[in-house]
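Visitor: Sequence order for the protein chains is A and B.
In this text, residue positions in the first sequence follow the working numbering: the first is 1, and each later residue adds one.
In this text, residue positions in the second sequence follow the working numbering: the first is 1001, and each later residue adds one.
In short, the hints are calculated from the structure, not lab data.
Be a bit skeptical, because a hint or two may be false.
Below are the BS3-like pairs computed for lysine-lysine, each with C-alpha atoms no more than 30 Å apart in a straight line [said to hold, decoys possible]:
1) Lys1017/B to Lys164/A
2) Lys230/A to Lys60/A
3) Lys164/A to Lys310/A
4) Lys29/A to Lys60/A
5) Lys310/A to Lys1080/B
6) Lys164/A to Lys124/A
Some residues of chain A that are not near chain B, with every Cβ distance over 10 Å (derived) [unchecked claim]:
7) Ala201
8) Ala285
9) Thr299
10) Leu327
This one's a predicted model, so the numbers in the text were calculated from it and none came from an experiment.
C-beta atoms are modelled at their ideal positions from N, C-alpha and C, and glycine is treated no differently.
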Amino acid sequence: MKTNRRMTLAALAALGVLGFGQTAVAQEKTDFKVAWSIYVGWMPWGHAADAGIVDKWADKYGISIEVTQFNDYVESINQYTAGGYDAVTLTNMDGLSIPAAGGVDTTAVIVGDFSDGNDAVFIKDGNALADIAGRDVNLVEFSVSHYLLSRALDSVGMSEQDVKVINTADPDMVGAFQTDDVTAMVTWNPMVSEIETLPGAVKVFDSAQIEGEIIDLMVANTDVLSDNPKFGQALAGIWYETMTLMTSDTPEGAAARAAMGAASGTDQAGFEAQMAATKLFADPAEAVAFTASSDLAGTMNLVRAFLFDKGLLTPGATSEDAIGIELPDGTILGDTANVKFRFDTTFMQMAADGAL
Amino acid sequence: MRLINQQLSPVAATALKFAPFLVLILAYLLGSSLRLAENPNDKLLPALTSIADAVDLMAFTPDRRSGDYLLWTDTWSSLKRLAAGLGISTALALVIGVCIGILPFFRALLAPFVSFVSMVPPLALLPILFISMGLGETSKIALIVIGVAPIMIRDLAQTVLALPREQIVKAETLSASSWLIALRIVLPQALPRLLGSLRLQLGPAFLFLIAAEAISADSGLGYRIFLVRRYLSMDIIFPYVAWITFLAASADFGIDRFRRWLFPWSQLEAGR
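So that you can see chain A by itself, here it is in the shape it has in the complex (with noise of 0.2 Å):
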């Protein structure tokens, strides 16, 4: 009876642990998964899975990537952070603050795009950015809103002590902005091309203005890749041909446009109109050129001091330094000893070589 007891107590801990322990192994595998969200610098990654460019690359190195969307951005970075995924589609800020903050050491493969207007600022009655003091500004806190609304706020000297945050599901803008008790809020595509339209709606500042800050990226378990290279030029693979093929000039080019358009809720033009305010990097040598100019240390250090100021570094974090940042020529801005989050040219640069 007692030994009965210690067993069925020791399978039911192995079980918790069997549930709770789950991590991304780091061997050289051939099976892996990567998570992605609708947004327009992202939806050519559900379109390479429909249209098979995803297999077609996997096969070629001998390998399998499984694709899956996720609804709630959040939850495919949480999924990743948690070992579940191989990649993420996220930007260089929740990048920052999310899986290198929770300690899994990430590399960017893959500089997709920058905002070039995609996320915006919006008040009513009023003109003028200036007017958003005393405000109650609606937005997703600690997202790339908040971040944007700190920076608009900087260029007109104000800080966040003159307005307060309330924080808002990103489903909810567009009908929340229709309410009378919202007269300022933060949002991003393809909330923005709604808002743009809504009667009193008037854009006060938008990414554009930020140029190049607010980074999309395709990134990777750092111990992942560097056991299995074949699987960052897989996705490189994938990704610059997806690229060449939705900014072609083609009827293929319009077919795949309006097919991520439908993916994301909107129609062909639509999603063109969310591309031009979008900084897409078709071409390799250009995604390697900008991840390689000293402008990156300039936008990181912006953004960590960000995410220091709002705790959202390390909990004990005393500095903006607790966490290396790498960079593609081995700078490291931050602890040395840390280093969680890093900007790797290496598959960029194969693909602009054709080396893939």
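Once you've looked at the hints, dock chain B against the given chain A.
Guide: What follows is chain B alone, placed relative to chain A:
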């Protein structure tokens, strides 16, 4: 001996009572130490010390930006919404429930309508509420009322309808008016039941509160959980969940004690 007749010694019964909790804690500690051994910064299953640090940060350290003690301001905002929502629901249930139960006019008028409304899934109404009532407190309280009140009304009307007909007839032979019957026969038996159904609705009320706070708020227990979920701060989420559970359990216990104190006769009838 048949299993259904098994006699447990008091020691065994106590041990069994605590066993599931112990297993849960052990599984957590084991899983947590395994994950932390692999990645010391892991956030999914934080060590108990980091949970303690988070509690200290949320409950006993003023916030860097606002100077508030976040756990207490969150609790206060949430409890205000909850109290308003449940208070309105209870008042509605009392008035409408008793009317449906004793007055044929109101039964014909409202009973089918209330039954119909109670089938509307409240969370599905959330987007409509937010647009029609704004993002402020009104829509959050309205969600709780819409979710909770119809069920409480139906429950109370059922209780009143189930009162022995003899009691009513007896009162009538003693020449009591409708008003007096409501006051002296129905209310003393309906009120304890109302508190009982309030207890049962605490869980759903918390559910609606958290759902509403997740969508738009600047403080509240549900707001905080959905905010820190963004960066996987389980060290904050776990204590908040425990705190909400504790609040709900205390309210449940408190209302039951209140009922026993206020309506001692309801205890006799239940035979407890």
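Visitor: For every hint, state whether the structure bears it out.
Guide: Against the structure, the hints come out as follows:
no. : hint                  : verdict
1   : Lys1017/B to Lys164/A : violated (48 Å)
2   : Lys230/A to Lys60/A   : holds (10 Å)
3   : Lys164/A to Lys310/A  : holds (14 Å)
4   : Lys29/A to Lys60/A    : holds (15 Å)
5   : Lys310/A to Lys1080/B : holds (27 Å)
6   : Lys164/A to Lys124/A  : holds (16 Å)
7   : Ala201                : holds (16 Å)
8   : Ala285                : holds (34 Å)
9   : Thr299                : holds (20 Å)
10  : Leu327                : holds (21 Å)
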